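Listed here are the chains, written in short residue letters.
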Amino acid sequence: SQTIHQWPATLVQPVGSPLSLECTVEGTSNPNLYWYRQAAGRGLQLLFYSVGIGQISSEVPQNLSASRPQDRQFILSSKKLLLSDSGFYLCAWTLTGAGQNYGYTFGSGTRLTVV
Amino acid sequence: DAKTTQPNSMESNEEEPVHLPCNHSTISGTDYIHWYRQLPSQGPEYVIHGLTSNVNNRMASLAIAEDRKSSTLILHRATLRDAAVYYCILRDVAGGGSNYKLTFGKGTLLTVNP
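Going line by line, the protein sequences match chains A and B. Going by the numbering used here, the first sequence opens with residue 1, and the numbers climb by one from there. Going by the numbering used here, the second sequence opens with residue 116, and the numbers climb by one from there.
Calculated from the structure, these hints are not laboratory results. Quick caveat: nothing in here was measured; it's all calculated off a predicted structure. The C-beta atom is built at its ideal place from N, Cα and C for all residues, glycine as well. Be aware that a few hints might be false.
Stated by the list, open to error - Cβ pair distances, simulated, as ranges:
1) B:Glu160 with A:Thr96: 50 to 60 Å
2) A:Pro61 with B:Asn172: 32 to 42 Å
3) A:Ala40 with B:Glu160: 38 to 48 Å
4) B:Thr141 with A:Ile56: 43 to 53 Å
5) A:Val12 with B:Glu160: 19 to 29 Å
6) B:Glu129 with A:Gly43: 23 to 33 Å
7) A:Ser1 with B:Ser143: 29 to 39 Å
8) A:Ile53 with B:Ala180: 40 to 50 Å
9) B:Asn228 with A:Ile53: 23 to 33 Å
10) B:Lys221 with A:Ile56: 45 to 55 Å
11) B:Gln157 with A:Val12: 30 to 40 Å
12) A:Leu95 with B:Lys221: 24 to 34 Å
Work out the full structure: start from the sequences and follow the hints.
Listed below in C-alpha cells is the structure:
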C-alpha cells in the first residue's frame, strides 16, 4: 500500500535560519507531489507542485523553494526564514493521467513556528 | 479549477444525518466533484468523489444534481469525530496544467453537538 511520510512534525526556528522539510512517498511510482501551507486560521494554499524529477512549478512568489531530487522525494527549503513563513506545511501526492481521476493523499504535516 | 460555493459553517447533532451542500454552477463536463475533510491539526482526508451518478462509500454518500450544478455530501449519522472542515473541490481530468492542481476553498466548518 502507498504511504506518505513527512517530517519533522513540529519545528521552531529563529528568523533568518534555513529550513528543510522532507516528504517521501512509498508504494507508488511517478507520483505528482505537492506542498501546501496553511497559516493560522487560514485556508490551504498551494505552494509548489511537481510532475516529475527536477520539475517544479511554483504557485506563489515567496521566500521558499522546492526540489525533487528523486521520484518519490519532495523537499521544501528556505535560505532565510521570515516570521510570515510560520504555518502548517502539508505534503501530498496523487497520480494523474488524461481522463483519469485519482484522490490526493496528504501527509500528517509539519507545524513550523518562526520566532 | 472551477469555483465552488459552500456555507461557511453548519451545525448538527450527534447521530443525526448531515447534508453539506456545494454549488458549482460553472462545472464542465470533465470536472469530477471531490470532497475532502480536515480534522483539527491534521492534513486533509479524501472523503468521496463522483462525476454524474450518486456515489456511496463507507464514509459518506454524494448526491449530484441532474444538471451537475450542485451536489450534497451526506453523512448518514454524524459522530463527534466528524467535526471538521469539509471542502468541495472540482477536479478537471481533461489533462493539461489544471489537472495537476487541487485548489482548496474555505470549506464548511461542521460542528457536531453531543
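Hint check results:
1. B:Glu160 with A:Thr96: 50 to 60 Å: violated, 20 Å
2. A:Pro61 with B:Asn172: 32 to 42 Å: holds, 39 Å
3. A:Ala40 with B:Glu160: 38 to 48 Å: violated, 20 Å
4. B:Thr141 with A:Ile56: 43 to 53 Å: violated, 30 Å
5. A:Val12 with B:Glu160: 19 to 29 Å: Hint holds: Cβ distance 27 Å, inside 19 to 29 Å.
6. B:Glu129 with A:Gly43: 23 to 33 Å: Holds: the Cβ-Cβ distance is about 27 Å, inside 23 to 33 Å.
7. A:Ser1 with B:Ser143: 29 to 39 Å: Roughly 33 Å apart at Cβ, these two residues keep to the hinted range, so it holds.
8. A:Ile53 with B:Ala180: 40 to 50 Å: Given range 40 to 50 Å: holds, Cβ gap about 41 Å.
9. B:Asn228 with A:Ile53: 23 to 33 Å: Roughly 49 Å apart at Cβ, these two residues miss the hinted range, so it is violated.
10. B:Lys221 with A:Ile56: 45 to 55 Å: The hint (45 to 55 Å, Cβ to Cβ) is violated, given that Lys221 (chain B) and Ile56 (chain A) are roughly 27 Å apart.
11. B:Gln157 with A:Val12: 30 to 40 Å: violated, 20 Å
12. A:Leu95 with B:Lys221: 24 to 34 Å: holds, 27 Å
Checked against the numbered hints given earlier, this structure breaks hints 1, 3, 4, 9, 10, 11; the rest are met.
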